[in-house]
Amino acid sequence: MKAHKFSPESLMMSHGYKPELSEGAIKCPIFQTSTFVFKTAEEGKAFFELAYGLREKDPKEELGLIYSRINNPNLEILENRLCLWDNAEDCAVFESGMSAISTVLLEFLKSGDLLVYSNPVYGGTDHFINHFLPSIGVSVLGIQPNQTADEVKDLIENSGKAENLAMLYLETPANPTNDLIDIEAFANLAKHYSTAERKVLTAVDNTYMGPLWQHPLKHGADLVLYSATKYIGGHSDLIAGAVLGNQEVMTRVKVLRTFLGNMISPNTAWLLLRSLETLKVRMDQQTKGAQEVAEFLKNHPKLESVNYLGLLSKDSEQYKIYKKQCSAPGAMITINVKGGEKQAFELLNNLKLMKLAVSLGGTESLAQHPMTMTHAGVCPEQREKMNVTDKTVRLSIGVEDAKDLIWDLEQALEKVSKVEKVLSHS
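Residues in the sequence shown are numbered consecutively from 1, following my numbering.
All clues stand as given, with none of them false.
Below, in silico cross-link-like pairs of lysine-lysine (DSSO-like), each with a Cα-Cα straight-line distance of 27 Å or less: (1) Lys-39 x Lys-18; (2) Lys-298 x Lys-352; (3) Lys-403 x Lys-355; (4) Lys-391 x Lys-338; (5) Lys-391 x Lys-342; (6) Lys-352 x Lys-342; (7) Lys-199 x Lys-324; (8) Lys-60 x Lys-5; (9) Lys-391 x Lys-418; (10) Lys-355 x Lys-338; (11) Lys-288 x Lys-298; (12) Lys-110 x Lys-191; (13) Lys-153 x Lys-110; (14) Lys-352 x Lys-415; (15) Lys-338 x Lys-403; (16) Lys-314 x Lys-218; (17) Lys-314 x Lys-302; (18) Lys-18 x Lys-5; (19) Lys-18 x Lys-57; (20) Lys-288 x Lys-352; (21) Lys-403 x Lys-280; (22) Lys-199 x Lys-161; (23) Lys-323 x Lys-298; (24) Lys-288 x Lys-391; (25) Lys-153 x Lys-324; (26) Lys-391 x Lys-298; (27) Lys-39 x Lys-60; (28) Lys-338 x Lys-385; (29) Lys-338 x Lys-418; (30) Lys-45 x Lys-18.
Label pairs and their computed distance ranges (CB to CB): (31) Thr-278 x Lys-18: 20 to 26 Å; (32) Leu-256 x Thr-40: 25 to 31 Å; (33) Gly-44 x Thr-389: 56 to 62 Å; (34) Thr-372 x Lys-418: 18 to 24 Å; (35) Lys-5 x Glu-341: 48 to 54 Å.
Keep in mind the hints are simulated off the structure, nothing from the lab. These numbers were taken from a predicted model, which means no experiment stands behind them. For each residue, glycine too, the CB sits at the ideal point set by N, CA and C.
Turn these sequences into a full structure, and let the hints steer you where they fit.
Listed below in structure tokens is the structure:
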């Protein structure tokens, strides 16, 4: 019989773990230890040379266990399994999504560099880019989702800092608007500005699609980032982040992680390993439910608009991007309620099954008000450009029966005040 290639969901229970090394336990134990014993002093020396990047790894050599700030069996098995979803060479896991994002930006950007980033991005990312990076001398240039790669090229040229471009940072779909950006087009733009001495990197925050519905590395990205708190963790009971890419870039990320000390604990890694076993089952149910909910919401008289990838017009540019780089429309829905904050809050305050909370990707459905919550720190002018207004409500669809979610939204929308039309007098 010819060799068979197993799908990632079939390997989530076994990949990277050898039961015979752990008393035959079918599940990976929690390796709750700070340090590991070397067989010989020579072995300890070799391990540290690799960990500190003092020499290149031999073709068949593996980094041995040293200290849980550097590596740990739970972290390594988790990283190996995450690599399967994105077909990545290596992965690094972190204590939060922002920890993963900030480590990447700190490693690959220095004073004088230019960062081009898409809007909107998660509020914490926006703050780090616009408040912290300029304080260490990094120039930042924000672009809008409707701008083409050619238009962005003109902006880069007009900035006078084209020769200092170091990274394109994309969040697609965007949080909270679901706007899409063509990863391949921007990866090609990064190649255009790369030289033999200086490679311009493309980094993509893929949190909204999880590791299932979009694979940025396949479309030319150098780095893919996740808040693993969301779909990967999936149960709203842990905080974590992840970064994936090729061996060269990930070595740099892992070395900086070693000295920042922002890796996750063995216990969190163990919880994530458990979550990975049901990742596909959960995410399949979430997008199925989201499609039914979006279909109900799309023509509701109390709503101005419904932004969901499954409702994109087939003759739109956004739909072309969606078909090129996404395998499903996801489970995030953004709605704009007719009226303003009063009406949006009435909707949120009257939900019974859905929970009023930030975050996304968990088994329970969540609803929140981005303008006053997750994106409260974004400057008002920028929020207006993003189309994040007082009418905007973000929904994360969980694994509940879609009929129950629809009933909940219907009864809550019934309680939303009608907006009285103001007649103008000439």
